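Asker: Start from the sequences, fold in the hints, and give me the full structure.
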Amino acid sequence: MSAAATHTVTPLTRPGGSPFHRIGWHCRHNPKRELWLAWWTTVVFYQLFFVVFFVITRTQPPPNPGWDTPRVVQWFHNHHNGLLIGFAIMFVITGMTAASNALIAYSMRRMSVSPAFGYSYLVLYSLSAVPGMLLLCLVLTVGALRPDRDPELIQWLYDFAFLSFSGTMGVFLIGSLVWMAAILIDKHGVLPKWFGYLNLCNALTEVVVAPAWIFHRGVFAWNGLICWWINMVVFGIYTGAFIVLLRQMIQREDFGTGPLPDLATTKELDRSGDAAVAR
Amino acid sequence: MSDIGINDAHGAESGRPALRRIDGELILWWTLPAVAIIWASAFVLFPGFTPPMSPTMSAEQVASFYRDPHNLSRIRASMILFNWFCVGLIPVLILIVMQIRRMAHRTPIFSYCMLGCVAGGPTLFLTANICWLLAGFRPERSPELTQMFNDLAWITFTSQVPFLIAQSVILALAIYVDDQPRPVFPRWVAHFNLLVAAALVPAAFVALSLSGPLAWDGALSFWLKNIAIAVWIVVMGAVLGQAIRRERADYRQRVEQDVPV
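Chains as they are written, first to last, in the working numbering: chain A, 103 to 381; chain B, 16 to 276.
A few of these clues could be false.
[To be verified] Some, not all, of what chain A presents toward chain B, calculated at C-beta under 7 Å:
| no. | residue |
| --- | --- |
| 1 | Ser216 |
| 2 | Tyr221 |
| 3 | Ser222 |
| 4 | Val225 |
| 5 | Leu226 |
| 6 | Leu229 |
| 7 | Pro233 |
| 8 | Phe262 |
| 9 | Val273 |
[Claimed, not checked] Where chain A lies over chain B, by a calculated footprint (3+ residues, C-beta under 8 Å):
| no. | region |
| --- | --- |
| 10 | 35–46 |
| 11 | 100–110 |
| 12 | 142–153 |
For the record, the hints were derived by calculation from the structure and aren't laboratory data.
All figures in this text were calculated on a predicted structure; none of them were measured in a lab.
All C-beta atoms, glycine included, are put in the ideal place defined by N, C-alpha and C.
Answerer: Here it is, written out as C-alpha cells:
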C-alpha cells in the first residue's frame, strides 16, 4: 500500500534484464502489486482446482447418482488414493479463494456504488467455500478413510458429498446477482455491461441445478446434461471472462475516485512515462 | 475496507468529511420485502413446520413422514427455495453495517463485528437445509439414517442462534454509544434488539429435552425463537429504511450546498 500511497512524481523506469530480475522489480516497485498478486492467485487457484477435481480425484465430471450401493463402494475403492491426496491439496490451497473474492470485491469498491455491494459479495463468497466445496472434500475424505465401513453409510456420504457440492445454490445465486446489480448501476465503467448480464446467466445455472435434489438419473440428475454439463460450460465461460476483465481492470486502474480510464489511454500514459499510474 | 481511506483522502481536499457512496442502497433495501415473502412462503410450505415435527417421533414415523409423496414434494420445494434465498438477507444486513459505520464511534470496531456475524446465520441454516434435503433425497433408506439426518437438521436449525444473538447485542451496544444529537437509530431500537437476543437464548438449550417448551417443537425453542426472528426482520427493515432515506435526504442537501462552491 505504501508504494501506491506515496505521490511519486518521477516516472517509473522499468528495468530490462532477465525475467527474474524484472519479476523482482515488479514485486518491489509495481504500484499495482497487490492487485496483481490477487489476480495471479485467482488464476493459479482455478488451475489447481481443475487439476484436483478433474484429474487427481476424478470427482468432476461427477459419478452417477443412480448407482446401487456396491457400485458406490467400488467407486470409493477405485479412487481411494486420489481422493485422499487430492483433497489434502484442497485443504492447503482453498484459502486462495480469499484473494479472488477480495479482487472481485475491490472491483465493486472501484465502482460508483455503495460499499454495501462489495461487502455483501465478500461475505457471501467467504461463506460459499464451506458448503459449496469443502463439505464435499471432507465427506469424501471420510468415505475413503475406512473402505470397510457399512456400505449403506458409504452411500449416504456419497449423496451428502455430491449434493452439497451441486446443491449449494443460494450463495452463488445471490452473489452473482449482487455483482450484476453493481455493474449495471456503476457509472465508472469498471466492467462492461454485457458482463453484468453474464452474471445473470451464472445465477440462472444455480436455479436450474435445483432438480439435482430430486432426480437420481437423467438430464436433471447431479451428473446430467442440464445440471452438470450446461452449468460447467456457463461457469467456465463466466470464470474465463472475469479473469480477463479483472486483468484489464488492473491495467486500467489509476487509483482515482472517478471513472476508470480505458485501456488505450492507460497504455499511452504508460508509454509516455506519465506518473499517473504511480500515484 | 478501504472506504475510510478513500473518503478521508477526498475529504481532506475539500476540507470537510467526504460523502460516502450510497448508489444502489435503496435497490438492496427493496430486496428485503421480496426475500421476506419467499421465506414466509417456504416456511408455510414445509410440512415439518406446520405444525413442527415432534422430536419424540420414532424412526419409523420419521421415515414415513419423508416417504409420504405428498409431503416429499413440499419438503423438496420448500427447502430448495430456502437453499436459494437463505442468504438473501445478507445484503440487507450489510446495509445495517453501513449505518453502524455512520454512528458517532471512534473506531469501526462495531461495524467490523457486525460484518463478521453476518455470514454466520445463513451458513448454519444452510447446513440444516442440506440435511433436510438429504433426508428427502432417498427416503427409501433405512429409517435410522433418515431419523439421524432429520435430527441433524432440526438441532442445527434450532440451536444455532449464536451469530443472531451476537448481531442483536452488537447492534444494541453500537446504538447505545452513538452519542450525537440525531443518532442513526433511535434508542428504543437498542432495547428492542436486546429483547430479541434474550428471546433467542432458550433455543440454544434445545437438546436438553424431547418434549415441553424447550424441545424443538416447543413454545420457547420453536415459536418464541422464530417469531422473534420474524419480528426482528420486520422492525429492523422498517427502521433501516427510515435511516437510509434520511441519509439520502442529508446527502442531497449537502450536494446542493456544495454546488455553488
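Asker: Next step is simple, just say for each hint if it's right about the structure.
Answerer: Results for each hint:
1. Ser216: 5 Å, holds
2. Tyr221: Status holds, d = 5 Å.
3. Ser222: 4 Å, holds
4. Val225: Holds: closest Cβ of chain B sits about 5 Å from valine 225 of chain A, inside 7 Å.
5. Leu226: 6 Å, holds
6. Leu229: 4 Å, holds
7. Pro233: 5 Å, holds
8. Phe262: This interface hint holds because 6 Å falls under the 7 Å limit.
9. Val273: 5 Å, holds
10. 35–46: Check passed, 8 qualifying residues.
11. 100–110: holds (count 8)
12. 142–153: holds (count 7)
When each numbered hint is compared with the structure, no violation occurs for any of them.
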